[in-house]
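Colleague: What follows is the residue order along each chain.
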Amino acid sequence: MEEMSLLKVERVSKSFGGNRVLKEVSFTLEKGEILGIVGPNGSGKTTLLNVLTGIVRQDSGSVLFMGRRIDRLKPHQRARMGMGRTFQITRLFSNLTVLENVIIPMHYGGGGADERKAEEILKMVGLFELKDRKAGNLSLAQRKRLELARAISVEPKVLLLDEVFAGLNPVSVREILELLKKIHSETGVAMVLVEHVLKALFQITKRVIVLSEGRIIYEGDPEGMAKSEEVVKAYLGERYEAPRGQRS
Amino acid sequence: MGILPQLILESLLLGTFYAFMSLGFSLMWGVLNIINLAYGTYIILGAYTAYTLYTGLGVDPLLSIPFSFLLGLSFGVLLQRVLIDRVMRLEPFMVLILTFGLDVFLSNLLNLIFRADIRSIDVPYAERSFVIGPVIVTEVKVLVFFLSLLLTGAVYVLLQKTWTGRSIRAVALDREGAQIVGISPGKVFAVTSGLGTGIAFSSGNLYGVLQGFTPFDGGMLTVKAFLVSIVGGLGRVESALAGGLFLGFLEVFTAFYLGEGWKFFASLLVMFLFLLIRPRGLLGGKYYGEV
Amino acid sequence: MGKYERLIFFLLLAMGLLPPLLTDYWERVLTLSLMLSSLSLAQNILLGYTGYPAFGCVAFFGIGGYTTALLMKDLGLPFWVSLPIGGVVSALFALLIAPPLMRLKSHYFAITTLALQLALGELVANLEFTGGAQGINLPIYVGPGGYLIFFYLFLLLTIFAFLLNVYVERSTFGYALKAIREDETAAETMGVNTVLFKSVSFSMMALITGLSGGVYAYWITYIDPTSMFDPLLSVKIFVALLLGGVGTVAGPLLGAFTLEFLSEVLWGRFPKVHGVVLGLLIVLIVLIIPRGIWRR
Chain W
1 MEEMSLLKVE RVSKSFGGNR VLKEVSFTLE KGEILGIVGP NGSGKTTLLN VLTGIVRQDS
61 GSVLFMGRRI DRLKPHQRAR MGMGRTFQIT RLFSNLTVLE NVIIPMHYGG GGADERKAEE
121 ILKMVGLFEL KDRKAGNLSL AQRKRLELAR AISVEPKVLL LDEVFAGLNP VSVREILELL
181 KKIHSETGVA MVLVEHVLKA LFQITKRVIV LSEGRIIYEG DPEGMAKSEE VVKAYLGERY
241 EAPRGQRS
Chain E
1 MGILPQLILE SLLLGTFYAF MSLGFSLMWG VLNIINLAYG TYIILGAYTA YTLYTGLGVD
61 PLLSIPFSFL LGLSFGVLLQ RVLIDRVMRL EPFMVLILTF GLDVFLSNLL NLIFRADIRS
121 IDVPYAERSF VIGPVIVTEV KVLVFFLSLL LTGAVYVLLQ KTWTGRSIRA VALDREGAQI
181 VGISPGKVFA VTSGLGTGIA FSSGNLYGVL QGFTPFDGGM LTVKAFLVSI VGGLGRVESA
241 LAGGLFLGFL EVFTAFYLGE GWKFFASLLV MFLFLLIRPR GLLGGKYYGE V
Chain D
1 MGKYERLIFF LLLAMGLLPP LLTDYWERVL TLSLMLSSLS LAQNILLGYT GYPAFGCVAF
61 FGIGGYTTAL LMKDLGLPFW VSLPIGGVVS ALFALLIAPP LMRLKSHYFA ITTLALQLAL
121 GELVANLEFT GGAQGINLPI YVGPGGYLIF FYLFLLLTIF AFLLNVYVER STFGYALKAI
181 REDETAAETM GVNTVLFKSV SFSMMALITG LSGGVYAYWI TYIDPTSMFD PLLSVKIFVA
241 LLLGGVGTVA GPLLGAFTLE FLSEVLWGRF PKVHGVVLGL LIVLIVLIIP RGIWRR
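Residue numbers (the working numbering), protein chains in the order written: chain W, 1 to 248; chain E, 1 to 291; chain D, 1 to 296.
Hints are computed from structural coordinates only; laboratory data are not their basis.
On a predicted model such as this, the values are computed, not experimentally measured, just so you know.
No residue lacks a Cβ here, since even glycine has one placed at the ideal position from N, Cα and C.
Check the hints yourself; a few may be wrong.
Unchecked claim - With a straight-line cut-off of 25 Å between C-alpha atoms, the simulated DSS-like cross-links for lysine-lysine are:
| hint | chain 1 | residue 1 | chain 2 | residue 2 |
| --- | --- | --- | --- | --- |
| 1 | W | Lys74 | W | Lys8 |
| 2 | W | Lys131 | D | Lys3 |
| 3 | W | Lys31 | W | Lys181 |
| 4 | W | Lys131 | W | Lys8 |
| 5 | W | Lys117 | W | Lys182 |
| 6 | W | Lys74 | W | Lys157 |
| 7 | W | Lys134 | D | Lys73 |
| 8 | D | Lys73 | W | Lys74 |
| 9 | W | Lys233 | W | Lys199 |
What the hints assert, rightly or not - Partial pick of chain D residues on the chain E-facing surface, computed with a CB cut under 7 Å:
| hint | residue |
| --- | --- |
| 10 | Pro53 |
| 11 | Gly76 |
| 12 | Leu77 |
| 13 | Thr112 |
| 14 | Ala119 |
| 15 | Leu127 |
| 16 | Thr130 |
| 17 | Ile220 |
| 18 | Val235 |
| 19 | Ile288 |
Using the sequences and the hints given, assemble the complete structure.
Modeller: So, in structure tokens, the structure goes:
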């Protein structure tokens, strides 16, 4: 039997009120692979993640996860199948403690609530000392770490990370990068990183996809990306345009 | 078939009044994102104002409309500055409770002053009517129809052609964007609240001429204003007209075919279903619940 | 249960010893306070822990009350059978409408439930088998305990509602509700079946509220659409919650008793301006409550 891909996206399209945000996007992700998705603001990256996790439903096309079509599954069902996700603008349970933030996904998305294991995860991301603090009181870098902890607590097969490096200082970027490498080497989980900070991204991934106006315009290694004429055009074009709000 | 032209005419006349009556509610909801549960009682306050001026000084209720408007305007600005501004920063539903409390306060105050008896403004021309072919229509209804149309038109012009109107619309469309171009939302909120309350008060004059009223009729009028706003979509004059006509037809036809008792139920049912199925209204527009 | 939860629990139990010491007047005030307590505790599960303000929750008070009353009057069922059925009907109705209803949030959700409450009141007023606007007369309770039975019924209901609140506060079930309150999108991405948990939370509220309506119907022996679907009762529940503190197990009790006592004192002192003062009180409470309190 043919070895199946972990995640297979086939010709996915999505419009919001006449505005086509994704146009026939197709790609695959293999077990344990790390894939980067980059693109200018408004190119549809976050929408793509929302389609994968089921928050938004695509108009056409299909998503296969471990060989199974998941188009009709609700976000919580996909989480239980092994999808962990972080958000560009962190979405923590602000009035709950750091520990509770990890226990909830463990109980409902993962194998069951286990305080000891939750504490281990918090140690891994360096938040153990803050476990009884309210999540709303954390700094940005700490919030990003907690989002990561929450995402891995469901023991995912794929981690979908939406701009984990955004807004962080260089030191924090390096720390998160090391953390991701550690998570990858210890668990072998596949990762999709939607990213703006290319420098950090290129240190962890060998394959990138470039989205521009909802279309894939490049797929391959990071080195080739800078040489692609279309990619250069998409990015240079952006520089002269007024900044557009990103869909989230 | 014989009765149909009569029903349609009644619906049109009543619906146009409802459109004007609800404009203030729709504006406040669209621009400030508040659902003002005291709105119906504002209308009743207008009706009592007209009643007092008529019985005390003999001023015709249709002539005292500007006075009611100015009274409502000042009242609205004051309430916005003193009460609503403070609570708007909290969860939006806190404004619901606040305005409900305001409604309880105002309607009971009216009850204290005027007692709960039904009052009506018996203008000398109340009984006159026209007969046009198959339909009969009272002069009062026709007068109210034309005045509603005129005043709705005035609000339209105000919103479209003046700078005040443009800044109100800008804030309704995009609060942050309006701030960037130098519009102060605080000021626009006060103006909108004033305008909306002024509309409510002045529509009270018309309401008082159309039918009798008691201090506790406000709740029912709030529901009507709500229905008009949700059916058409928020904050636009065209939408209020569409919603008003919808309500006019709904009420007149339900009352005729099912009975007067089912009228209010029909409105509430439609309101409930609309919220459930299409919170953006028929004509689209803004829905704040997702943000 | 924590230490202070146990304290409240025993205080509630101790309230059961009070009746011999009470005059009829105070018995009535306490019974009303307990009714408001049960309703506020019910709403607390939904608003306090799940983050959904069902402003029209009295819809379920009416459903429970009318179901109980109709079963007794038309089918001749005893109160002890009718009451639980009333509660269950109310909860099932809630479970049925929750999935579409709870797609709405914040004041859209609040106002939709209010529309439901008013619509049901109008429906009941227009139907014949519900007694229309005239309402329904129920037999006066004669049996062990006399009218004190209603004091004890509301006390039991309050204790039940209180224990449910404690359960939500401390269980993993409660975690799901709190996650929804904090961030619904995040919650479902973390594996919480949000539609299910929201609906269950809504039904728990409806169950207690419906039972409360059933007890109330038999207590006052005469019910009509105005008294069973009263928007003023809705707002009292919310004001009690704001007053006491939303999202805590003690807050609803504290708020309900304070508001009912305050209301009684005002009623006694200024019977003529009661409505005016109540309205003013609501406005003042919303103004004075600092911004954070509605979510702890």
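Colleague: All hints, please: hold or fail.
Modeller: Status of the hints after comparison with the structure:
no., hint, in the structure
1, W:Lys74 to W:Lys8, "18 Å, holds"
2, W:Lys131 to D:Lys3, "23 Å, holds"
3, W:Lys31 to W:Lys181, "16 Å, holds"
4, W:Lys131 to W:Lys8, "37 Å, violated"
5, W:Lys117 to W:Lys182, "17 Å, holds"
6, W:Lys74 to W:Lys157, "17 Å, holds"
7, W:Lys134 to D:Lys73, "53 Å, violated"
8, D:Lys73 to W:Lys74, "46 Å, violated"
9, W:Lys233 to W:Lys199, "19 Å, holds"
10, Pro53, "5 Å, holds"
11, Gly76, "29 Å, violated"
12, Leu77, "28 Å, violated"
13, Thr112, "4 Å, holds"
14, Ala119, "4 Å, holds"
15, Leu127, "10 Å, violated"
16, Thr130, "13 Å, violated"
17, Ile220, "21 Å, violated"
18, Val235, "5 Å, holds"
19, Ile288, "10 Å, violated"
Checked against the numbered hints given earlier, the structure breaks hints 4, 7, 8, 11, 12, 15, 16, 17 and 19 and satisfies all the rest.
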